[in-house]
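There are 2 protein chains.
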Amino acid sequence: MKTCKVLLLGFGVAGKAFARILMQTREKILAGKGIDVLVVGITTKSRGCLYRPEGIDLAEAIRQLEQSGRFDPDQPGYCRIDSLAAAQEWEYDVLMELTPMNIRTGQPAADHIRAALRRGRHAASANKGPLAWHYKELRDLAKENGCCFFFETTVMAGTPTFNMVESCLQYCRIDRVEGILNATTNFILKEMAKGVPIGDIMQRGREQGFLEADPSMDTEGWDAAAKLTVLMNVLMDAGLTPDKVDRTGIGGITEADIAAAKARGNVIKLMCRGEKDADGRITATVRPEEIPAGDVFAGEDLAGVYSLYTDLMGKLTILQYGLEPAQTGYGVFADLCRVLDRMAR
Amino acid sequence: MKTCKVLLLGFGVAGKAFARILMQTREKILAGKGIDVLVVGITTKSRGCLYRPEGIDLAEAIRQLEQSGRFDPDQPGYCRIDSLAAAQEWEYDVLMELTPMNIRTGQPAADHIRAALRRGRHAASANKGPLAWHYKELRDLAKENGCCFFFETTVMAGTPTFNMVESCLQYCRIDRVEGILNATTNFILKEMAKGVPIGDIMQRGREQGFLEADPSMDTEGWDAAAKLTVLMNVLMDAGLTPDKVDRTGIGGITEADIAAAKARGNVIKLMCRGEKDADGRITATVRPEEIPAGDVFAGEDLAGVYSLYTDLMGKLTILQYGLEPAQTGYGVFADLCRVLDRMAR
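Residue numbers (my numbering), protein chains in the order written: chain A, 679 to 1023; chain B, 679 to 1023.
There may be inaccurate statements among the hints.
Mimicking DSSO-like on lysine-lysine, the simulated pairs with C-alpha atoms at most 30 angstroms apart in a straight line are [what the hints assert, rightly or not]:
(1) A:K993 / B:K711
(2) A:K993 / B:K940
(3) B:K814 / A:K706
Rather than coming from a laboratory, the hints here were simulated on the basis of the structure.
Please model the entire structure based on the sequences and the hints provided.
In structure tokens, the structure reads:
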């Protein structure tokens, strides 16, 4: 029996969802792959940190956070440590980068991942920042050190994307991607189309937890631009950064615009489009567009959607439903499964 | 450098499409995985067979078939042999089962696959018959012999399905599948909705090569039932056979039915639905249903679509476009890639 020691940097929505899935599957993983997965470390910015080489009781850790908003300082293994120091000093096999995204730099998350890879540890990131700004460097660093570096959940949560392309679309050249990659603006536009006042929409989004106090990262299209960047860098080797994306948010969209689109049989969506032409020239845009109401991209119940255009397999479209944190957790878990498959060989 | 010797049983649409993709990718595979893929054998029922341990010139083999409808009997390696005998006697690493489907028994294709697996050779099947009738036996036989047994292209051609679930949805329980799995009836219903007379539709389908001389396997829902069976047996361990599916074809659908549906804002599609309830009870139906015109399943340009309902990842929908033989060939190629990844370890 092997063990796989996991370090979680961050323990918010994604971290807790991942922990819940791991609790459900740990026995099956042990039986199927012969590997016991132990979460040995959890860091948070203001809620304390835990380091227990024999494995943390995840149910208890979640209970403490939910009951008192922090880890209990009186338990064995409680400490306060910077995430970077934990990545550099603690003993683990896989680092999970789950800290909040800094869209302008990808830091400090990129440093956390660098620290793991330089030590020969595998890394998985739910954080788009490092991918959007430093993908190529991190990919090459992982390769040099013989490590895995996965990031399935960065685009459309656990919906199969990067892992799917790598395992199921081998040797396909991808020339074009289209998608609706930001679920929050998709929700806002859908509610506006129903006639709900924008103030009410924002309040409900904040209450339900998927709208940030400052929603500009979503409404100005930064989040969508970051996801398009990640898609294009990974699938097309585009060498983009989010600031190079031709970006228009939904801030200028009024109820009158939506009504006018509807009169034309259309709905407004924040579309992401990326293309690499035959000469290797890259174009990448994020902007509100009118989509025919019957189109696959216009679905009211969609959380996200993307189409890939390939040379060998034609066009492929994948739809995501629901805005469940569980799906984000599943994407992180899927990355862990790939690491385990590698360790099991 | 390793070599991987491939035996193709059947060299029709799927076999030629696979061969074309292999010609395009052989050098890249050698560079990337360190394995040289050689097609060493091709069997056909009435066009002759080829066996060349040093590798067949695929471009030349395709040229001969297209020019004279058969392999040139005067070339080295030309022979006439039964596919089963080739599977039992020839030297190869991977058998590709590409012979025409017998929907009522899955034979003789199942025997071809058994012969390969019993000899410890990997097998991939583009033929739904063996999967629909003998999946569990063949899966277990592959496992006992330490071999791969893949079949990506049997449902929605090369669109990621079985390989995707296995690599990207690990530990998800799938409770329900829905889909439009037969592209031919989808095409017929679409043309009927445009008002094209059924005789004209059938003639065009035959001319374009995707409608059999006897289209009853499609129009009576047998092909869809076989695909639903494969999906459910593989993804839900349903233990179904096609004759157990509650099946209604599109033969009874009239232009008046389609017009009446349209007046209600609906389109008629041949829907496949499968479910496993909490007690493990299986239900599987194929029947024409009215679908709201704006629904994802109603898309005019779709070749196929399926939704999976999972416990850990919620609902996932994948759409296939185009009816290109290349996509069928790609599914077979994707299975080969998985075998190569296993051989490369």
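Against the structure, the hints come out as follows:
no., hint, verdict
1, A:K993 / B:K711, "26 angstroms, holds"
2, A:K993 / B:K940, "28 angstroms, holds"
3, B:K814 / A:K706, "21 angstroms, holds"
In summary, the structure agrees with every hint in the numbered list given earlier.
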